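Engineer: This is what each chain is made of:
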Amino acid sequence: MRRKNIIAALVLIVFAAGYGVLTAGLPLRTLPNTPDPSFFPWINMAIILILCFCLLFHSLRQPKETTPNPDAEERNRIITAMGIFIVYLATLPTLGFIMATAPFFAAMMVLFGERRPVYVGTGTIAVTAALYLLFRHGFGVFLPRGLLAGFVA
Amino acid sequence: MSPDALSGLSQASSFLPLISTCIGVFVGLVVGMIPGMTISTGIIIVLPVTFVLPADIAIALLLGLYVGGMTGGSFSAVLLNIPGTPSASATAMDGFTMAAKGEAGRALGIAITASFIGGLFSFLCLFFIAPLLADVALEFRTEDMFSLVFFGLTIICSFAAKSLVKGLLSAALGLALVTIGQDPVMGTSRFTFGEANLMAGVHFLTAMIGLFAIPQLVDNLRASNAGKQAQAKLTSILPKVSDLKAIRLPVCIGSFTGSFLGILPGAGGPIAAFISYDYARKASKKPEQFGEGCAEGVAAPESANNAVTGGALIPMMTLGIPGDPVTAILIGALTIHGLAPGPLLFLERGDFAYGLIWSFFWANIFNFIIAILGLRILVKLLATPRALLMPTVAVLCVIGSYALRNNFFDVYVMLFFGFVGLAMRWLDMPVVPMLLALVLGRSLEENLRVALTSSKGDISIFFTSPISLTFLCLAALSIYWSLRSTRNKVDPYQKEPG
Numbered sequence: 001m002r003r004k005n006i007i008a009a010l011v012l013i014v015f016a017a018g019y020g021v022l023t024a025g026l027p028l029r030t031l032p033n034t035p036d037p038s039f040f041p042w043i044n045m046a047i048i049l050i051l052c053f054c055l056l057f058h059s060l061r062q063p064k065e066t067t068p069n070p071d072a073e074e075r076n077r078i079i080t081a082m083g084i085f086i087v088y089l090a091t092l093p094t095l096g097f098i099m100a101t102a103p104f105f106a107a108m109m110v111l112f113g114e115r116r117p118v119y120v121g122t123g124t125i126a127v128t129a130a131l132y133l134l135f136r137h138g139f140g141v142f143l144p145r146g147l148l149a150g151f152v153a
Numbered sequence: 001m002s003p004d005a006l007s008g009l010s011q012a013s014s015f016l017p018l019i020s021t022c023i024g025v026f027v028g029l030v031v032g033m034i035p036g037m038t039i040s041t042g043i044i045i046v047l048p049v050t051f052v053l054p055a056d057i058a059i060a061l062l063l064g065l066y067v068g069g070m071t072g073g074s075f076s077a078v079l080l081n082i083p084g085t086p087s088a089s090a091t092a093m094d095g096f097t098m099a100a101k102g103e104a105g106r107a108l109g110i111a112i113t114a115s116f117i118g119g120l121f122s123f124l125c126l127f128f129i130a131p132l133l134a135d136v137a138l139e140f141r142t143e144d145m146f147s148l149v150f151f152g153l154t155i156i157c158s159f160a161a162k163s164l165v166k167g168l169l170s171a172a173l174g175l176a177l178v179t180i181g182q183d184p185v186m187g188t189s190r191f192t193f194g195e196a197n198l199m200a201g202v203h204f205l206t207a208m209i210g211l212f213a214i215p216q217l218v219d220n221l222r223a224s225n226a227g228k229q230a231q232a233k234l235t236s237i238l239p240k241v242s243d244l245k246a247i248r249l250p251v252c253i254g255s256f257t258g259s260f261l262g263i264l265p266g267a268g269g270p271i272a273a274f275i276s277y278d279y280a281r282k283a284s285k286k287p288e289q290f291g292e293g294c295a296e297g298v299a300a301p302e303s304a305n306n307a308v309t310g311g312a313l314i315p316m317m318t319l320g321i322p323g324d325p326v327t328a329i330l331i332g333a334l335t336i337h338g339l340a341p342g343p344l345l346f347l348e349r350g351d352f353a354y355g356l357i358w359s360f361f362w363a364n365i366f367n368f369i370i371a372i373l374g375l376r377i378l379v380k381l382l383a384t385p386r387a388l389l390m391p392t393v394a395v396l397c398v399i400g401s402y403a404l405r406n407n408f409f410d411v412y413v414m415l416f417f418g419f420v421g422l423a424m425r426w427l428d429m430p431v432v433p434m435l436l437a438l439v440l441g442r443s444l445e446e447n448l449r450v451a452l453t454s455s456k457g458d459i460s461i462f463f464t465s466p467i468s469l470t471f472l473c474l475a476a477l478s479i480y481w482s483l484r485s486t487r488n489k490v491d492p493y494q495k496e497p498g
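Residue numbers (my numbering), protein chains in the order written: chain A, 1 to 153; chain B, 1 to 498.
It should be emphasised that the hints constitute simulated quantities derived from the structure, not laboratory data.
Keep in mind that this is a model prediction, so the values were computed, not measured.
Don't take each hint at face value.
[Stated by the list, open to error] So the derived label-pair ranges between C-beta atoms look like this: (1) B:Lys380 with A:Pro93: 48 to 54 Å; (2) A:Arg75 with B:Ala340: 41 to 47 Å; (3) B:Arg405 with A:Gln62: 53 to 59 Å.
[To be verified] Examples of chain A residues toward chain B, derived with CB under 7 Å: (4) Thr34; (5) Trp42; (6) Ala90; (7) Leu95; (8) Met109.
Where a beta carbon is used, it is the ideal one built from N, C-alpha and C, also for glycine.
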């Protein structure tokens, strides 16, 4: 945790500095004797900086520790899942809800340990169709139709 | 009863709100009992639905889920020794021991009954205290509101963090995110980078989905706890008269403690449950039986954590201050429907405010009925395949953030907050203070700037007003308590509440 805290403190100090630069560039639109729009961000920046330095100094005073190596298989599974999720979100506007959700759902089922093709297929089709019908036609949410625009209502 | 109270009763007792409450309770019981799912996840599941429903029906659904989730957490605590929610952690100590002795049905019956009584007691507190507190809060000026919101933030940080610095840092980052968009006083654009979608700021419901659901999905990808299923057979569920007599005192202790602690922002179900358990043990004639599978050890925490729900609704409704993620989401749901929680809610929409209170009453009634009658079916749902559940939750996260404004930008904001949530979990930094800062931040800044404008920049205004000074003293006390807790390594939350 010591190493993590030091990294976090340093990253957040950089963040606070960037936040400060952007705050300094805010337009000065205000009335006499009133706080301007940058007033609150300046306070925030100061608080973040103070807390980051507290975290940094506190962590530097802590003894070094050995952290156990994370399970490689578990880590790969998490990275794969996040990758699939990002691809899903990136393709969703173009492919549409059904076309993008079905492969995403199937891949996630496999990642969560389901290996039987029939279960994966049935679950994917049933849940994707049910969610689409429920939200698009039941609750009027305009889920994107994408490639299936001419085929589904 | 006042005309508003009668109107609220009629509104909450009509067909659709009642059905909505029932569905909410059922979903709450299910998500509460499944390890790896929390009440917040349940909220995420129903969130897209609430956008399109009328306000009274949406709130009835969410309240049902809140109440059901609290009770549902005890099911897996008793049957699997895995608390479904953090609030059920104390229940597992005696509940699971009872189940191991073959008394799972008895333990669950006691848990359901104690939850019911605790919930009803907190309903009475809500019904009688909330309107009075709203009247008092109407007298608050901007400096008082600033100090109140500040107090709310500090107490949340002190309860939610293992480390005070990390808790405060989480809240400060949330406050920084709140400054994105138009400023609340002058309307100046800040940190929008020319992106029109950021003009309205970051919607906290989108942030909440990312902060809570994505890390939870990642947690469920880990192998631990997978495949553990309830094996206990349930015999008699309704508690016997002897049990009811035995749990009288613990239930009273739990109901009072839970309702009182629920009113304090940040002091949620887990703390109330453990404190009630401790008090009940001290008040018991046979304290040595606690931990060995006694009914009192189940009744005290269960009555307390359900009593917290009504208590937590009091500051939410009267002051607009959420005590936990669920009440924060309720504020969001109200805001989406053009209703602002706070003292004016009772003044301007008294019928709706009382309708909410009566929906809470019905939620407790349905919670008892559904839990008792449907327990055997509900327990089977503990075996719901994670491979089906978690991808569904992932898709619902996307729909939930998209449906807010029918806009993919919000989906990407949700993903961003998902990564933020993962980073915070990696750092052992609590996400609750950030979420609550996102909820309260605008109000904090607006009241601060308006108060300073009215005093021509003189900060003594916050110390000369007695109400403001009281809240600032309470804020100082909460930080002091938090520092002491950190030094003594007391961690009231084993994991994020809700």
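Engineer: For every hint, state whether the structure bears it out.
Structural biologist: Evaluated hints:
1. B:Lys380 with A:Pro93: 48 to 54 Å: violated (39 Å)
2. A:Arg75 with B:Ala340: 41 to 47 Å: For A:Arg75 and B:Ala340 the Cβ distance comes to about 45 Å; the hint holds.
3. B:Arg405 with A:Gln62: 53 to 59 Å: violated (44 Å)
4. Thr34: At about 4 Å, which falls below the 7 Å cut-off, the nearest Cβ of chain B leaves the hint on A:Thr34 intact, so it holds.
5. Trp42: violated (10 Å)
6. Ala90: Status violated, d = 9 Å.
7. Leu95: Because about 13 Å separates A:Leu95 from the closest Cβ in chain B, which is outside the 7 Å limit, the hint is violated.
8. Met109: holds (5 Å)
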